[in-house]
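Using the sequences and the accompanying hints, generate a full structural model.
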Amino acid sequence: MRRLALAKRTLGSLRSEKTIVLALAIQLFIAAFSSFLVVGLVSLYDPGSAGGAYVVDVGVSGNATDDVAPVVAAGDSRRVATYDSQAAALADFQNGSIDAVMHSTEQPGGRVLVAATAPEGSFRTTLVVSELKDALSELERQRRSELSSSLTRHPLDLPPERSANPYFSFTYTVLLPLLAFLPAFISGSVMADTLAEELERGTLELLRVAPLSLPEIVDGKALALVAIAPAQVALWLALLAYNGTPVSNPVPLLALVTGVAAVLVAGGAALALGIGARREAQLLYSFVALGAFGAASLLPQSLQNVVARLAVGSPTRLTWLTVGAVLVAAAAGYAVLRRTTA
Amino acid sequence: MNARNVLRIARWETTRSAGDVDRKTAVAFVAVLVALAALVPALLAVGPTPGEGIYRVGVSDDSDYRPVVERDPALAAVEPSQGAVADGRVDVQITDRGVVFRDSEKSRAALAALRSATVSYNDHVMRSEPNQSAAFPVVVSLEYVEQSISVAGTADSAQQTEDPDGAGGGGAGDGGAGGSDGSGQAGTGSDGLPAGSGGGIGGLLGQSQSGTPSSLSPPFPLRSLVFAFAFLLPLNVVIQAYGSSVLAERINRRGEPMLVAPVSRGDIVAGKTLPYFAGALALISVIAVAVGAGPLAVAAIAPLAALFLASTFLGAMLARSYKELTFVTVTVSVTLTAYAFVPAVFAEVHPIAAISPLTVVVDSITGGGTTAGAFALSTLPPALAATVLFGLGTGVYREEDMFTQLPIPSKFLDALAAPLDSARRAGVWTALFIPFVLVAELFAVAVLFVAPVELSVPLLLGVVAVVEEIAKSIHVFAGFERGKFSRTARTALVAGAASGVGFFLAEKLLLVTQLVGLPGIEVAQAAFSPAAVGLPPGVLLVAPLALHVVTAAISALGAMRSRLAYVGALAVAVLVHVAYNLAVVVSLA
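Order-wise, the sequence lines are chains S and F. The first sequence: position 103 = 103 (UniProt numbering), numbered continuously. The second sequence: position 521 = 521 (UniProt numbering), numbered continuously.
Simulated from the structure, these hints should not be mistaken for lab results. All C-beta atoms, glycine included, are put in the ideal place defined by N, C-alpha and C. Check before you lean on any hint, since a few could be wrong.
With the Cβ distance kept under 7 Å, some of the chain S side facing chain F (calculated, not the full set) [claimed, not checked]:
(1) Leu113
(2) Leu136
(3) Ile275
Below are the SDA-like pairs computed for lysine to any residue, each with C-alpha atoms no more than 20 Å apart in a straight line [claimed, not checked]:
(4) S:Lys133 x S:Arg144
(5) S:Lys133 x S:Arg79
(6) F:Lys24 x F:Ala241
(7) F:Lys508 x F:Val428
(8) S:Lys133 x F:Asp123
(9) S:Lys8 x S:Glu198
(10) S:Lys133 x F:Tyr121
(11) F:Lys24 x S:Gly274
(12) F:Lys24 x S:Ser286
(13) F:Lys24 x S:Ala277
(14) S:Lys133 x F:Gly211
(15) S:Lys8 x S:Thr258
(16) F:Lys24 x S:Gly276
(17) S:Lys133 x F:Ser116
(18) F:Lys411 x F:Arg398
(19) F:Lys24 x S:Leu199
(20) F:Lys411 x F:Ile470
(21) S:Lys133 x F:Arg127
(22) F:Lys24 x S:Thr340
(23) S:Lys133 x F:His124
(24) F:Lys24 x S:Thr341
(25) S:Lys133 x F:Ser215
See the structure below:
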């Protein structure tokens, strides 16, 4: 009961200081920031995914034009213009009426040499080059099958192409683990702060005069800080689902976050009580947490991967075992903390 | 400021923080650092793949596609079974009759992953073919040539001589390709290609490339970007220690003796900051050497490091507890990292990147040059902003502020109001805010420029108006709230006018953006020079001055009454500002 009162007080102080609001704002910012980054980067890296808003004009010349031109024209975001000579194409490239030049020469052996020219130093360059790459890969596939008689092994047919969301894997493997572990990390950090602060100000002594034992104090604070981590993540999951990113296995995912938060909070508390000074405790906590995450990614399934598998709906038995192991570690961490504070 | 005092305090700060650490903690630090160092090679060796096994592909053991699935970590092979796709046990299934998949996001993503895995598997198989010219029937050499859309003139003639060179290179390649066939596996084309034709063009976007189509890589400065990111990491550690140290002075009133000592506030703050700034610079220099960046990179990051410290200092002066400080520190590092990182993503592809100090680092790593204008644009705003923040923090480094417990916003108003002795002083504050206005607007430009112009320009005009109007009025509001100004319309008008004039004069700083050609970007033009051309010079000067004075006076009148009136008046001022900007843009269009 007294623990609950203390937990409520800890949450109350978080609320009155508006820190929890700030924490949510920061996370929102990180999410917006990373989705901006991913959209920006992917559209740079794979501009075709941007929706074909931009069409690349390619000038084709050389004696393999008949082979190359249809392949270039087959792309939705490409237009082709044929030229009699490379010089004529380059002249048009210079005056800006085409974006790229492909001068193709067919050799006696059947190999096609393509001398491609792309504009330098412009925002379009990445887009132009990836369109060229696309067209040339298609050409390579066609030529390979024409020349298949001189090959000992045959390339496999490609699975059909369907428009897929290029951010799909990023969302589940990077963004979601980030959103899941950040609250847990902050909880541990705040735990170290609040205990170190009570120690530095001398108020922990005062609390002990009250009918509360040290384990009860630590319990109360830990209860509050462990609980807010899955609460924040649950909000995230709801927000993601609302935005059209469904998350499978939400309950095991939240259990995992609770376990990780408990381990980190116990660690933060132990460091703060052991060191007593905020600066050193906080610094050491950051390093230890970093190391713990690093070590956890050496597991057969890293924690990041476990989150991704749970959320995307491809868990294996090992995934469940890892979740179980984290919960066991959380219980063990708590038991150790209790024994040392008692 | 007295240099001897500063150094003495710096020495004291250093010895105290070192002396504070007891042996047990020191041992723990060493142990953790050793463990981290040991972890890095292990992580590099294992190479964690966060996306491992997220897509399940139903494929039988004897299928041709089995090795494809096994080679790609994101794909997990599952025994195929009837109806597995329909009930979601498998995302994609390869059968004798073709590929089966569901119409779901995940299934389509899995299909795309399978497709690209097949492409790379095919390349892998073809590499061991005896007949390389049939295995890789297309060989490409890519060159980057500057497109000069201007009228052909002397500048183009250099390009013209380059062109036949390229054609000749292609011809030479015909002869050389036979050699590549003979040379076998390694010669997937690169040595059968015209080697000499790339000379002279190796410009901004790296070197010309050659090889098979799949070896083409669109220019993408990811590697240098990751290196540049490494520069920001130590700053986060440094500000954590620095913030704790500043807050520790306030908790338990430990800073009180300092204030009594015969040293100025400036001495104390400079002395306390110096060791951390020096430490940050030392760490940055070590990283610069490690990643192969030059001294220019260190010089570019130094103002950013100062800005990290300055925001942490102010945050620690305003925070009530360590908990609050943790959130302040996280906010500072996230915001500033975003400011430095987002524009730098476009390094080498877009001039917008010039606003970030990290771009100088990227250029320094890749060997591209930095112009003086670009250097100034990327370093001046953070340096000025850091100076102002330190000024604000030093202003409240006094007993009545250090040891009181008030919410951050209220303390922030205290810090703003502290130096406002007369209404005219408001103009000085406004001028000092210009670096923040610049930083905020540059960041808005960097974020918005990817959006289509019809969306980004109006959005940006709104953002610019909000940022500028807040900068012109927030301290006036603080002056009224803290009783520095008498609540009369006359004072409000004087403060508003001073603020408007101060803003107008300082705004000329924004001209630095024109040194690097940012106005070439439509969005940047809308932000920084809406009244660029087409108007007589008299109007060009008078119109913005009038605008700034009028809008600042509006919000000052609101600030005089109450908080609510201030918010309302600010909204009106923003609307007037937007209307003015729109009028200018439309009249010039």
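Each hint, compared with the structure:
1. Proximity of leucine 113 (chain S) to chain F holds as hinted, the smallest CB-CB distance being about 5 Å (cut-off 7 Å).
2. With its C-beta approaching chain F no nearer than about 4 Å, leucine 136 (chain S) sits inside the 7 Å limit, and its interface hint holds.
3. Given the 7 Å rule on beta carbons, the hint for isoleucine 275 (chain S) holds: about 5 Å separates it from the nearest Cβ of chain F.
4. At roughly 16 Å between alpha-carbon atoms, lysine 133 (chain S) and arginine 144 (chain S) fall within 20 Å of each other, so this suggested pair holds.
5. This hinted pair checks out: lysine 133 (chain S) and arginine 79 (chain S) have alpha carbons roughly 15 Å apart, not beyond 20 Å.
6. Between the alpha carbons of lysine 24 (chain F) and alanine 241 (chain F) the distance comes to roughly 18 Å, so the proposed pair stays at or under 20 Å and holds.
7. For the hint pairing lysine 508 (chain F) with valine 428 (chain F), the CA-to-CA distance comes to about 15 Å; that is within 20 Å, so the pair holds.
8. Restraint check: the Cα-Cα separation between lysine 133 (chain S) and aspartate 123 (chain F) comes to about 15 Å, which is no more than 20 Å; the hinted pair holds.
9. The suggested pairing of lysine 8 (chain S) with glutamate 198 (chain S) holds, with an alpha-carbon distance near 17 Å, which does not exceed 20 Å.
10. Annotation: proposed proximity of lysine 133 (chain S) to tyrosine 121 (chain F) holds, straight-line Cα distance about 17 Å (limit 20 Å).
11. Distance check on the hinted pair: lysine 24 (chain F) and glycine 274 (chain S) sit about 9 Å apart at the alpha-carbon level, within 20 Å; holds.
12. Among the hinted pairs, lysine 24 (chain F) with serine 286 (chain S) is consistent with the structure: their alpha-carbon atoms are about 18 Å apart, no more than 20 Å.
13. A distance of roughly 12 Å separates the Cα atoms of lysine 24 (chain F) and alanine 277 (chain S); the hinted pair therefore holds under the 20 Å criterion.
14. For the proposed pair lysine 133 (chain S) and glycine 211 (chain F), the alpha carbon gap of about 11 Å is at most 20 Å, so the pair holds.
15. With a C-alpha separation of about 18 Å, the suggested pairing of lysine 8 (chain S) with threonine 258 (chain S) holds against the 20 Å cut-off.
16. Pair hint lysine 24 (chain F) plus glycine 276 (chain S) holds up; C-alpha atoms about 12 Å apart against a cutoff of 20 Å.
17. The hinted pair formed by lysine 133 (chain S) and serine 116 (chain F) meets the criterion: a straight-line CA distance of about 14 Å does not exceed 20 Å.
18. Straight-line distance between C-alpha atoms of lysine 411 (chain F) and arginine 398 (chain F) comes to about 13 Å, which keeps the hinted pair within the 20 Å bound.
19. With a C-alpha separation of about 18 Å, the suggested pairing of lysine 24 (chain F) with leucine 199 (chain S) holds against the 20 Å cut-off.
20. A distance of roughly 18 Å separates the Cα atoms of lysine 411 (chain F) and isoleucine 470 (chain F); the hinted pair therefore holds under the 20 Å criterion.
21. For the hint pairing lysine 133 (chain S) with arginine 127 (chain F), the CA-to-CA distance comes to about 19 Å; that is within 20 Å, so the pair holds.
22. Of the supplied pair hints, the one linking lysine 24 (chain F) and threonine 340 (chain S) holds, its CA atoms being roughly 17 Å apart against a limit of 20 Å.
23. Between lysine 133 (chain S) and histidine 124 (chain F), the direct Cα distance comes to roughly 18 Å. Compliance with the 20 Å bound is thereby established for this hinted pair.
24. In summary, the hint linking lysine 24 (chain F) to threonine 341 (chain S) is supported, as the alpha carbons are separated by about 18 Å, within the 20 Å threshold.
25. Straight-line distance between C-alpha atoms of lysine 133 (chain S) and serine 215 (chain F) comes to about 9 Å, which keeps the hinted pair within the 20 Å bound.
Of the numbered hints stated above, none is contradicted by the structure.
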